[in-house]
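For the record, the sequence lines run as chains A and B. Everything in the first sequence is counted per this note's numbering, starting at 394 for the first residue and increasing by one. Everything in the second sequence is counted per this note's numbering, starting at -6 for the first residue and increasing by one.
Please keep in mind that the hints were generated in silico from the structure rather than gathered at the bench.
Output of the computed footprint for chain A on chain B, the stretches with three or more beta carbons under 8 angstroms from beta carbons of chain A:
1. -3 to 4
2. 49 to 58
Calculated pairs, DSSO-like style, for lysine-lysine (alpha carbon to alpha carbon, straight line, at most 30 angstroms):
3. B/Lys114 with A/Lys491
4. B/Lys115 with A/Lys491
5. A/Lys569 with A/Lys666
6. B/Lys53 with A/Lys448
7. A/Lys477 with B/Lys53
8. A/Lys670 with B/Lys116
9. A/Lys568 with A/Lys598
10. A/Lys491 with A/Lys572
11. B/Lys114 with A/Lys477
12. B/Lys114 with B/Lys83
13. A/Lys456 with B/Lys53
14. A/Lys666 with B/Lys116
15. A/Lys670 with B/Lys115
Cβ pair distances, simulated, as ranges:
16. B/Arg119 with A/Glu627: 41 to 47 angstroms
17. B/Asn10 with A/His416: 34 to 40 angstroms
18. B/Phe11 with A/Met394: 24 to 30 angstroms
19. A/Asn628 with B/Ile150: 52 to 58 angstroms
20. A/Asp488 with B/Arg119: 19 to 25 angstroms
21. B/Thr5 with A/Pro484: 36 to 42 angstroms
22. A/Lys620 with B/Thr118: 38 to 44 angstroms
23. B/Cys38 with A/Lys670: 30 to 36 angstroms
24. B/Leu89 with A/His398: 40 to 46 angstroms
25. B/Thr5 with A/Ser438: 30 to 36 angstroms
Glycine residues also receive a C-beta, built at the ideal position from the N, C-alpha and C atoms.
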Amino acid sequence: MKAAHFSYHEALNLQDAIKIKAHDDESVILAGGQSLLPALNMRLSSPTCLIDISKISGLNEIKIDGQTLFIGALATHSDVMNNKTVKNNMPCMFDILKMVAHPAIRNKGTHGGSIAYGDPAAELPALAVATNAEIIVSGQNGDRSINAKDFYLGLFETTINQDEIVVGIKYPLLKKGQKIVFDEVCRRHGDYAMAGLIANVMGSKNDIKDLKLVFFATGDKPDVADKTARLCLENGYDYDKLKNSLSTEIDFAGDLNSSSEMKLHLATVLIKKVLSKLEI
Amino acid sequence: MAGNNSVNISFTVNGENFNNVNVPSRQHLADYLRSQGFTGTHLGCEQGACGACTIEMDGKAVRSCLVLASQANGANLKTVEGFDDEMMEKVKQNFLKHNAFQCGFCSPGMLMTTKEILLNKKKLTRDEIRSEISGNYCRCTGYQSIVDAIEECINEIN
Ligand SMILES: Cc1cc2nc3c(=O)[nH]c(=O)nc-3n(C[C@H](O)[C@H](O)[C@H](O)COP(=O)(O)OP(=O)(O)OC[C@H]3O[C@@H](n4cnc5c(N)ncnc54)[C@H](O)[C@@H]3O)c2cc1C
Ligand code: FES
Ligand code: FES
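Excised from the complex, chain A in its bound form (with noise of 0.2 angstroms):
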């Protein structure tokens, strides 16, 4: 299929985008394209304007700032898996990274556009969630800070307003003895996943002291489960258990390859695998 018709501004620097997206309500901001053009063509979308940042300069920096690692909006996921700093301050992120998607899409999908899109079943969201990231937006009244727990609210769903635009994401540097482990279980490598686990973890293998447990591909948005986190703190792991915990705490949506209690099931064994990936 073929995109119905919109009309495309290119927008010369973030001032100007951000007037026409608080001027037409029905305007959507174009990054990488790697998730907003499939729904055009698709015309699960179809908004009167797009307004391209892709050009905009100074909005792709990585940086340490203060306490914290400054991934700016434009940044692709190709150019973070390649960043130094990246790499010294948070390996886990290559991992994640090379599970999003093709080599291709990495070169244009943006990690401002996959954290303000918002899909459940995205990676990004949820390792910023697990780590307690700030998401800063730009809008006509200046910036502001939003912590990702409060950013998601539901499917494709945030707190950004109209007007705003996401500018970056600060991710809080790791203190000595924490450590974020990954896995998923998808069909084809870069695929979306069927399910997925991010964890924050402070300690080690046999001694771990506290414990985020955040899952992505399950729900409506970045599922946090505190409850079981702590029942798998105090009992070690137990399947049953944990599968039940979890069955309480988080509602688990079904698609088309898995169906809700496949999710369930996947989701409980992922924190075994997770926690067999720390050292001892």
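Given chain A, put chain B with the ligands in place with the hints provided.
Relative to chain A, chain B with the ligands alone:
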């Protein structure tokens, strides 16, 4: 309403200049290229999944079904028709030798992905080659012959 339903852009395809051409805002790059005779760029899914439309934009592989023609302003594009340098001639010979072209529908995308693999200059195992081409569907070969061809290309280069 801001913006326009069509835009004027300039870019190059395989070194040929396209100056100030008018493209509809909603047209994706693959459709534009095909309309200009670059029919080696194939369209399978138009949603990024099959890889048949993969071309090179400013030195990087991209899905031309997921880039608007209007976004190509100022870009240097290379399609399969422009894969005529020494390295790509060798790649094509290896694909022929191993019978990695059957119906040919996936081939332009496979060649582009192979080019990116070779430019990265890494020695890959067969499993790694499979993971690198996981974004390109082939409905004929069963992939075996394509992996054979790419493996030989990598061995020749390293
Ligand atoms: C075949 C295929 C497989 C994929 N597999 C995966 C996968 O396994 N995991 C995964 O996470 N992703 C996957 N993706 C999606 C990919 O990661 C996208 O790049 C990403 O989701 C969106 O980034 P983008 O820059 O392309 O955004 P766009 O497509 O340009 O935009 C997506 C949405 O976000 C909005 N938006 C974009 N940037 C901003 C901003 N800065 N501020 C406010 N709003 C903004 C847009 O208006 C639009 O609604 C896949 C894509 C394809 C085509
Ligand atoms: S047609 Fe572009 S990826 Fe299938
Ligand atoms: S050769 Fe026919 S699809 Fe690959």
